[in-house]
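Note that the protein sequences, when read in sequence, are chains A and B.
Quick note, the first sequence lines up with residues 1 to 391 if you use full-length UniProt numbering.
Quick note, the second sequence lines up with residues 1 to 107 if you use full-length UniProt numbering.
Worth double-checking, as some hints may not be accurate.
Unchecked claim - Some chain B residues close to chain A (C-beta under 7 Å, calculated; not the full set): (1) 8; (2) 40; (3) 43; (4) 46; (5) 57; (6) 62.
Source of the hints: derived by calculation from the structure; they are not laboratory data.
Where is the CB? At the ideal position from N, CA and C, for every residue including glycine.
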Amino acid sequence: MPLAPVDETVAIGDLVRDPYPIYRRMRAETPVVRVPAVKRTFLTKAAYTKMVKDDVVLFSSNDPTTPMEPAFRAHTLMRKDGEEHRRERMAMQKAFTPKVIKTNWAQLYRDITDRYLDRLPRGETVDLYSAICAPVSARILTHILGLDGASDEEMMRWSQQLIDGAGNFAWDPKLFEITDRANEEMDLHIAACAERLRADPDDSALSLMVNAADPIPWSQIVANIKIAIGGGINEPRDAMATILYGLLTNPDQLEEVRRQEAWAAAFEEGIRWVAPIQASSRLVMEDTVIGGIDIPKGDIVMSIQASANRDEDLFHEGEDFRVFRDKNPHQSFGTGPHHCAGAHIARRTVGEIMMPELFERFPDMRLPDPEAIVWHGFGFRGPLSMPVTLN
Amino acid sequence: MVKVTYVAADGTRTEVDAPPGSNVMQTALDNDVDGIVGECGGAMMCATCHCYVDEDWSDATGARRDGEDDMLDCAADEVRPNSRLSCQIRLTEGLDGLVVHLPEEQV
Ligand code: HEM
Ligand code: HEM
Ligand code: FES
């Protein structure tokens, strides 16, 4: 079989600005393609992206050469496979179930959302991205994880610093100095919260882990909490901002969503249309073949769910935001053993609580200048602001 | 082939044929049966493939697998004694005629 064709034309800057036309071309012409600018082999068809994530023996998450380990100062579950991965993940999974949210916390999350909405002025244009999407996501996550006492600003800063560190493929020591400081702050706070939760347990992830009959090692409890901080704020924030944009620029769909209370469908379509996490890398463990192309052992493939989500084989008019699709088999939460641990939480908090509350409070809000919204990101993607006129 | 019947929460029945060796989640996806999401592809990590095995088939499908109980706790709908993650039910000739009931919610 031939080796993957090489695409020298693609630069990282183009992907960061707008990867979608590039992915559309790749799906049509070179669905398996080497991209030297990123040093990865891109997989852009839904069948390939799913196959790769489902098969952890052939396509491992355990790539020791990523900057994730120094950034988190830990070997985290995201970079493990097999039994150790399952054990560490299941140690916190039960804090992220729909039942815990419904029975214990739904009212609290409604109250939190209301409190932030109460602060908004009427008749003015407000950046909902920074006023609502980011801090409400942070506040809710603080509760789910058991990190009471951490401020919104701390949570958001830690999250961003972890992400910047884990994405530090240039190995810039200054960035690791920043993550080192953030890690020290988090370590102290997590330890203090653990002590409180040992004396007074609740349903939070940290409480569940420290009070388990057969707990995982402390280092991994801390690592799990940090992964959830890194993965649990920006994605719901970006998802919410994207859905807002989709609905406010498609008033006919918004009206229908309201009428049918189809907020869950709006959530699914928002994260399909612009996946908050656009791609996941995997290390190839043995020589193999994908789509008739030889993929050598040691190669790193990028399973690009952003592209899979618009694959013509699965989606009609996939480039457009259309809430009322017959089926929506997007891969925005990944698939396989590393399928997002927070998927149920994100669906319940953003889809069932935050979006409907916001539109109930400000039924006539408008997006005055959709053209002015800047979209950004290759690994992670979303709008950089969402200035909306509230009524 | 193995015949599988899916009974949706509203009572709609869908009958499909599947090759032995597949599983009840994958068979639903392959045949466009609504009511099973199967988002993690059968890795037992999402609980969006929850089903209730018909009483007549509980012996034939056997006990839950290792770890399945824990993941079932993450299902959106009520968990009952006959609850299973459908990705963990492998189809064999012995399951020809299997009937499973689907919950109202998977996510
Ligand atoms: C709309 C919001 C979200 C999206 C789109 C999203 C997306 C994803 C994706 C694509 C992965 C898979 C990574 C891979 O394949 O390597 C993942 C993993 C993960 N996510 Fe999310 N996520 C969201 C919200 C959350 C929230 C709220 C939490 C925390 C409560 C969370 C916690 C995690 C964890 C812990 C993992 C690692 C799972 C593992 O490796 O086993 N996510 N997420
Ligand atoms: C939860 C904490 C996480 C942090 C702090 C983090 C940070 C990053 C960042 C920013 C990159 C991008 C570097 C590049 O594009 O070259 C990276 C590598 C990668 N990870 Fe993660 N990530 C986390 C979780 C995830 C998850 C859940 C996914 C899901 C796929 C993910 C996706 C990426 C992407 C897109 C890259 C791209 C680079 C590569 O090919 O390795 N990250 N990590
Ligand atoms: S498909 Fe995810 S648990 Fe069965």
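For each hint, the structure was consulted:
1. At a threshold of 7 Å, the smallest CB-CB gap from residue 8/B to chain A is about 15 Å, leaving the interface hint violated.
2. A distance limit of 7 Å between C-beta atoms decides the matter here; for residue 40/B the minimum to chain A is near 4 Å, and the interface restraint holds.
3. Because the closest C-beta pair between residue 43/B and chain A is about 4 Å apart, less than 7 Å, the hint holds.
4. The beta carbon of residue 46/B is positioned within 7 Å of a beta carbon in chain A (closest approach about 5 Å), and the interface hint is therefore held.
5. Nearest Cβ of chain A to the Cβ of residue 57/B: about 26 Å, over the 7 Å cut. The hint is violated.
6. Restraint check, residue 62/B versus chain A: the minimum CB separation of about 21 Å is more than 7 Å; hint violated.
Consistency note: the structure conflicts with the earlier hints numbered 1, 5 and 6.
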